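From first to last, the protein sequence lines stand for chains A and B.
To convert, note that position 24 of the first sequence is 24 in our numbering; the numbers rise steadily by one, no gaps.
To convert, note that position 366 of the second sequence is 366 in our numbering; the numbers rise steadily by one, no gaps.
Please note that the accuracy of each hint is not assured.
Unchecked claim - One-sided excerpt, in silico: chain A residues whose CB lies under 8 Å from chain B:
id: 1; residue: 7
id: 2; residue: 9
id: 3; residue: 42
id: 4; residue: 158
id: 5; residue: 160
id: 6; residue: 265
Hints are computed from structural coordinates only; laboratory data are not their basis.
These numbers were taken from a predicted model, which means no experiment stands behind them.
Don't be surprised by glycine CBs; every beta carbon is placed ideally from N, CA and C.
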Amino acid sequence: MPLDLDVIRALRVNRSAVERRAATIPTRRTVKKEWQAAWLLRAITCMDLTTLQGDDTPGNVLRLCAKARRPLRQDLIDALGVGDLDIKVGAVCVYHALVPTAVAALEGSGIPVAAVSTGFPAGLSPFAQRLEEVQASVAAGAQEIDIVITRAHVLTGDWPALYAEVRAFRDACGRAHMKAILGTGDLATLTNVARASMVAMMAGADFIKTSTGKEPVNAVLPVGVVMTRMIREYEMRTGAAVGFKPAGGIRAAKQALDWLILMKEELGDRWLRSALFRLGASSLLTDIERQLEHFVTGRYAAAHRHPMV
Amino acid sequence: MATVAKLFETMEYGPAPESDAPALEWLKQHDNGRFGHFSNGRWVAPAEGQYFETINPATKAVLARVAQGSKADVDAAVAAANSAAPVWSGLTPHARARFLYALAREVQRHSRLLAVLESLDNGKPIRETRDLDIPLVARHFYHHAGWAQLRDSEFPGYVPVGVVGQIIPWNFPLLMVAWKVAPALAAGNTVILKPAEFTPLTALCFAEIAQAAGLPPGVFNVVTGDGATGKALVEHPDVQKIAFTGSTEVGRIIRKATAGSGKKLTLELGGKSPFIVFDDADLDSVVEGVVDAIWFNQGQVCCAGSRLLVQESVADRLTQKLRARMEKLRVGSPLDKAVDMGAIVAPVQLERIRGLVEKGVEEGAKMWQPSWACPTEGYFYPPTLFTDVSPAATIAQIEIFGPVLVSMTFRTPKEAVELANNTPYGLAASVWTENINLALDVAPKLKAGVVWINSTNLFDAAAGFGGYRESGFGREGGREGMWEYLKAGWDEKAGDGRREMSDTAAKSTSAPERTSPISLLPPIDRTYKLFIGGKQARPDQGYSRKILGPDGRVLGEVAEGNRKDVRNAVEAAHAADGWGRGSGHMRAQILYFIAENLATRADEFAARVGRQEVDASIARLFTYAAWADKWDGAVHHTPIRGVTLAMNEPIGVLGIAAPDDVPLLGFVSLMAPAIAVGNTVIVVPSESQPIAATEFYTVLETSDVPDGVINVITGAKDPLAKVLAEHDDVDGMWYFGSAAGLKAVELASAANMKRTWTSARTRDWLDTRQGEGREFLRRATEVKNIWIPYGE
Numbered sequence: 001m002p003l004d005l006d007v008i009r010a011l012r013v014n015r016s017a018v019e020r021r022a023a024t025i026p027t028r029r030t031v032k033k034e035w036q037a038a039w040l041l042r043a044i045t046c047m048d049l050t051t052l053q054g055d056d057t058p059g060n061v062l063r064l065c066a067k068a069r070r071p072l073r074q075d076l077i078d079a080l081g082v083g084d085l086d087i088k089v090g091a092v093c094v095y096h097a098l099v100p101t102a103v104a105a106l107e108g109s110g111i112p113v114a115a116v117s118t119g120f121p122a123g124l125s126p127f128a129q130r131l132e133e134v135q136a137s138v139a140a141g142a143q144e145i146d147i148v149i150t151r152a153h154v155l156t157g158d159w160p161a162l163y164a165e166v167r168a169f170r171d172a173c174g175r176a177h178m179k180a181i182l183g184t185g186d187l188a189t190l191t192n193v194a195r196a197s198m199v200a201m202m203a204g205a206d207f208i209k210t211s212t213g214k215e216p217v218n219a220v221l222p223v224g225v226v227m228t229r230m231i232r233e234y235e236m237r238t239g240a241a242v243g244f245k246p247a248g249g250i251r252a253a254k255q256a257l258d259w260l261i262l263m264k265e266e267l268g269d270r271w272l273r274s275a276l277f278r279l280g281a282s283s284l285l286t287d288i289e290r291q292l293e294h295f296v297t298g299r300y301a302a303a304h305r306h307p308m309v
Numbered sequence: 001m002a003t004v005a006k007l008f009e010t011m012e013y014g015p016a017p018e019s020d021a022p023a024l025e026w027l028k029q030h031d032n033g034r035f036g037h038f039s040n041g042r043w044v045a046p047a048e049g050q051y052f053e054t055i056n057p058a059t060k061a062v063l064a065r066v067a068q069g070s071k072a073d074v075d076a077a078v079a080a081a082n083s084a085a086p087v088w089s090g091l092t093p094h095a096r097a098r099f100l101y102a103l104a105r106e107v108q109r110h111s112r113l114l115a116v117l118e119s120l121d122n123g124k125p126i127r128e129t130r131d132l133d134i135p136l137v138a139r140h141f142y143h144h145a146g147w148a149q150l151r152d153s154e155f156p157g158y159v160p161v162g163v164v165g166q167i168i169p170w171n172f173p174l175l176m177v178a179w180k181v182a183p184a185l186a187a188g189n190t191v192i193l194k195p196a197e198f199t200p201l202t203a204l205c206f207a208e209i210a211q212a213a214g215l216p217p218g219v220f221n222v223v224t225g226d227g228a229t230g231k232a233l234v235e236h237p238d239v240q241k242i243a244f245t246g247s248t249e250v251g252r253i254i255r256k257a258t259a260g261s262g263k264k265l266t267l268e269l270g271g272k273s274p275f276i277v278f279d280d281a282d283l284d285s286v287v288e289g290v291v292d293a294i295w296f297n298q299g300q301v302c303c304a305g306s307r308l309l310v311q312e313s314v315a316d317r318l319t320q321k322l323r324a325r326m327e328k329l330r331v332g333s334p335l336d337k338a339v340d341m342g343a344i345v346a347p348v349q350l351e352r353i354r355g356l357v358e359k360g361v362e363e364g365a366k367m368w369q370p371s372w373a374c375p376t377e378g379y380f381y382p383p384t385l386f387t388d389v390s391p392a393a394t395i396a397q398i399e400i401f402g403p404v405l406v407s408m409t410f411r412t413p414k415e416a417v418e419l420a421n422n423t424p425y426g427l428a429a430s431v432w433t434e435n436i437n438l439a440l441d442v443a444p445k446l447k448a449g450v451v452w453i454n455s456t457n458l459f460d461a462a463a464g465f466g467g468y469r470e471s472g473f474g475r476e477g478g479r480e481g482m483w484e485y486l487k488a489g490w491d492e493k494a495g496d497g498r499r500e501m502s503d504t505a506a507k508s509t510s511a512p513e514r515t516s517p518i519s520l521l522p523p524i525d526r527t528y529k530l531f532i533g534g535k536q537a538r539p540d541q542g543y544s545r546k547i548l549g550p551d552g553r554v555l556g557e558v559a560e561g562n563r564k565d566v567r568n569a570v571e572a573a574h575a576a577d578g579w580g581r582g583s584g585h586m587r588a589q590i591l592y593f594i595a596e597n598l599a600t601r602a603d604e605f606a607a608r609v610g611r612q613e614v615d616a617s618i619a620r621l622f623t624y625a626a627w628a629d630k631w632d633g634a635v636h637h638t639p640i641r642g643v644t645l646a647m648n649e650p651i652g653v654l655g656i657a658a659p660d661d662v663p664l665l666g667f668v669s670l671m672a673p674a675i676a677v678g679n680t681v682i683v684v685p686s687e688s689q690p691i692a693a694t695e696f697y698t699v700l701e702t703s704d705v706p707d708g709v710i711n712v713i714t715g716a717k718d719p720l721a722k723v724l725a726e727h728d729d730v731d732g733m734w735y736f737g738s739a740a741g742l743k744a745v746e747l748a749s750a751a752n753m754k755r756t757w758t759s760a761r762t763r764d765w766l767d768t769r770q771g772e773g774r775e776f777l778r779r780a781t782e783v784k785n786i787w788i789p790y791g792e
């Protein structure tokens with residue numbers, strides 16, 4: 001949809017009230033036993049299993065892809081009785097240079113490769129190069145592109161510039177799915193988070209994503225509350241369902257459950273599927289495996305007994 | 001385990017029960033679930049051997065049998081508290097602080113037992129007892145351990161009231177124990193607590209905790225029972241104070257029952273609190289605020305934001321959002337950790353809610369409930385939203401005390417305030433806007449003891465809580481709450497209002513009225529009128545009364561005021577309400593000017609009442625001129641990112657029946673503090689010696705006092721005081737006079753729950769410790785706590 005500045009400027013977020021809501025997301029709802037196991041499996045399928053390090057090589061990306069295909073030990077799958085569910089992660093997320101490796105490794109698995117792009121994480125390289133980067137990743141086989149926005153546009157309130165930028169990235173993505181990373185840790189206020197979310201959706205983002213994982217504060221529930229409310233607002237205005245991806249700092253199974261609860265409460269069950277919800281994470285998977293093993297055996301589990309990511 | 005695969009598809013919530021086993025085991029250990037009273041440090045069987053059952057409203061299962069308190073049981077507990085009083089008040093503040101600290105720690109050590117027990121007995125969700133009730137209980141004891149420690153340094157010259165009877169409701173059973181008991185004990189009082197009939201168990205568990213903490217026998221006593229038990233406690237002659245939280249209806253009964261008894265009284269009563277949403281509010285956060293306002297504790301909250309007032313332009317959007325949110329609320333077993341609402345406390349309450357909702361539908365409001373069904377085995381009621389409600393509807397006026405929200409719209413901030421204040425209640429209010437100018441403009445205009453900006457139902461031990469109007473009087477929490485459990489040390493017998501002050505004694509102690517020196521010419525006849533709305537007014541009936549000097553000579557005739565004159569004066573006083581909104585500096589200037597003008601006529605007044613009284617009156621006017629711009633509020637340290645402002649606000653229109661014995665100084669000593677903080681007053685001066693006051697109004701006329709701020713009505717004091725006390729548009733009443741007049745004032749005040757300050761005892765008005773100071777200012781003030789969370 002076109003940029004509607006009246007909508008953007010009318011957005012209001014009360015930080016204290018949002019924080020109160022966020023604080024009760026983990027205390028108002030909980031899932032136990034079979035329910036918890038099922039929800040944790042669901043979290044795996046919504047996971048963008050990620051490695052975004054300067055020292056990434058084909059070797060560790062291959063290992064990641066193997067884990068993406070078989071995220072759980074077979075004995076746990078059998079014990080849980082979920083062999084038919086074909087549990088695998090939502091996507092594998094890497095830098096552009098490793099897209100070919102990942103695409104090859106995941107061939108036939110149905111697991112898409114996501115590439116972070118547009119000068120990730122700061123997003124301040126020349127605009128033309130950022131567009132080219134998107135096109136190059138798509139050409140290399142990435143089905144999902146995680147773009148970063150220019151935070152300065154938000155901080156200066158230049159919504160037309162932000163809209164134009166995201167729109168251009170969207171066009172460059174072609175048929176690839178586009179996730180817009182807002183870098184919420186850089187945006188200073190929750191009102192900015194709300195406005196940036198709305199502009200990104202108006203400009204055509206398929207997903208809005210909290211963070212690069214490189215900001216000082218990454219995925220936290222108050223930000224999630226604001227972004228999911230904006231998704232709801234956008235759906236109410238346009239009928240279009242936009243996805244949500246929290247990323248950065250999500251390491252514990254309990255956190256994954258909190259995010260799922262947030263989605264169910266603020267948006268609804270449609271947002272509990274990988275089509276509309278992703279968790280950007282790496283070490284989270286191991287903790288989920290440990291919790292599932294505990295559910296199966298009744299014993300607390302050790303990380304070294306699960307194949308590493 | 002095929003279910004995991006199925007649940008993977010449905011992604012529903014499952015059961016998440018908290019175990020009730022330890023709590024049930026605790027009940028069983030107590031004589032197989034049978035409880036006596038806790039009196040004098042021991043568990044005692046009820047004198048008449050009667051017990052009643054307390055049930056789990058979520059399952060209807062009987063939890064325990066609890067003693068029905070008789071008069072004899074109350075007598076025994078009061079006797080225990082009475083004999084413990086000197087022991088407890090004789091301890092050092094530090095010693096009492098240690099006990100309160102121990103209580104806080106004990107509560108924390110047994111927090112889960114208390115949380116589960118509370119949930120079982122009341123039906124409220126374990127999430128709330130675990131996350132809100134019990135932590136706040138501990139917080140209250142910690143905070144008041146501090147006040148215990150600081151009592152003598154922070155409240156110098158004050159002593160405990162004595163033996164205190166406390167009667168608490170069923171909606172926050174243990175939290176109300178803490179709100180009542182912590183300040184009472186911190187101040188050095190001893191306590192008899194009567195828990196609610198529906199929910200006595202956590203109070204009994206707390207008694208065990210007090211025992212474990214080593215509290216001396218008789219300091220804290222629990223007598224369980226019903227209304228009759230409470231009545232025996234209220235009427236007991238050895239109880240010096242009653243603190244009650246509950247319905248306005250029962251509060252009114254208690255006000256009448258204690259009238260004239262000299263018992264100190266605090267009442268925290270019902271409400272129909274407004275929840276005001278302006279068009280620039282964060283509407284999604286508003287929705288969560290509404291959830292916390294009216295679907296917290298099943299809506300059984302005295303300060304629940306039960307009247308949603310929404311600016312017209314956003315009303316439809318908000319209704320839509322609210323309905324979507326209500327679909328997602330979960331009602332179920334209170335011990336399930338993932339429910340939003342549990343069970344209604346008892347069938348009688350459920351019936352009341354049902355009846356009022358039916359009434360609302362009958363009267364044409366649009367009712368909406370979510371599509372899902374409540375559990376059927378216990379007493380459950382779904383969240384309910386009424387739209388298209390008019391202020392005239394029953395459900396817009398009556399406190400429902402259930403999960404039922406009524407919604408109305410407004411056009412302007414002014415109309416929002418009018419709708420908000422269009423109720424006899426005045427407990428709390430919520431204001432939602434992102435505009436700080438609007439928020440801080442509206443907050444002082446709301447008749448409510450607590451105002452939450454962009455938030456709701458925030459509580460803390462450091463902030464005062466309590467109502468305006470028929471929501472009661474007195475505050476709980478903070479420094480303002482401590483005053484309710486203290487009295488002035490000079491007034492050792494304060495509270496004993498039964499000693500009659502004889503009129504003749506009063507006269508003989510005062511300076512005689514004197515006429516001017518005899519001259520050969522007859523004096524020019526003077527007509528003393530009433531002083532209403534800044535004008536000298538002839539009395540409605542045209543009668544006058546003769547005022548005689550001590551020697552029986554006629555000193556003059558003053559107007560005989562009647563009820564219509566009172567009516568006119570009250571209207572004039574209301575018309576002058578801008579006085580309270582003006583600056584303290586402006587009020588100070590006028591008080592100084594009154595003093596200045598009195599000084600220029602000092603000789604003339606001295607001839608009537610004596611030099612000493614005139615000088616003291618001038619000094620007193622200076623005292624309150626001094627105070628007028630210094631009666632600051634406070635910023636409380638509550639655990640939020642934000643400020644909690646304790647603002648001193650005038651009560652409003654105040655009736656004052658001045659003492660007989662010091663005709664000028666008594667008048668000035670009461671009028672000056674009242675107007676210094678912004679009240680407007682109707683003063684009934686000394687009945688036997690009113691001429692000083694009628695002369696005084698000519699001083700007022702020359703002192704730029706705005707019309708209607710001070711009104712003077714002479715005549716028969718007690719009948720006039722009664723008319724003032726009965727007047728529903730008078731907010732407070734001070735009475736200094738006879739025991740019979742005092743009782744009549746307190747009885748009449750129950751009609752609109754006006755705050756009263758009465759005394760039938762003599763006071764040395766010339767003594768500045770007794771005759772002026774902070775006590776007078778406190779009596780003239782309501783404390784409004786405004787919570788303002790911030791952060792961008």
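A quick look at each hint next to the structure:
Here the hint on residue 7 of chain A is broken, as its CB sits about 13 Å from the closest CB of chain B, past 8 Å. Against a cut-off of 8 Å between C-beta atoms, the interface hint on residue 9 of chain A is violated, since the closest Cβ of chain B lies about 11 Å away. For residue 42 of chain A, the suggested interface contact is upheld, since its CB lies about 6 Å from the closest CB of chain B, less than 8 Å. For residue 158 of chain A, the interface hint is violated, the least distance from its beta-carbon to any beta-carbon of chain B being 19 Å, above 8 Å.
Proximity of residue 160 of chain A to chain B is violated relative to the hint, the smallest CB-CB distance being about 23 Å (cut-off 8 Å). With a cut of 8 Å, the hint placing residue 265 of chain A at the interface with chain B holds, because the nearest CB-to-CB distance is about 6 Å.
Of the hints listed earlier, those the structure fails to meet are numbers 1, 2, 4 and 5, in rising order.
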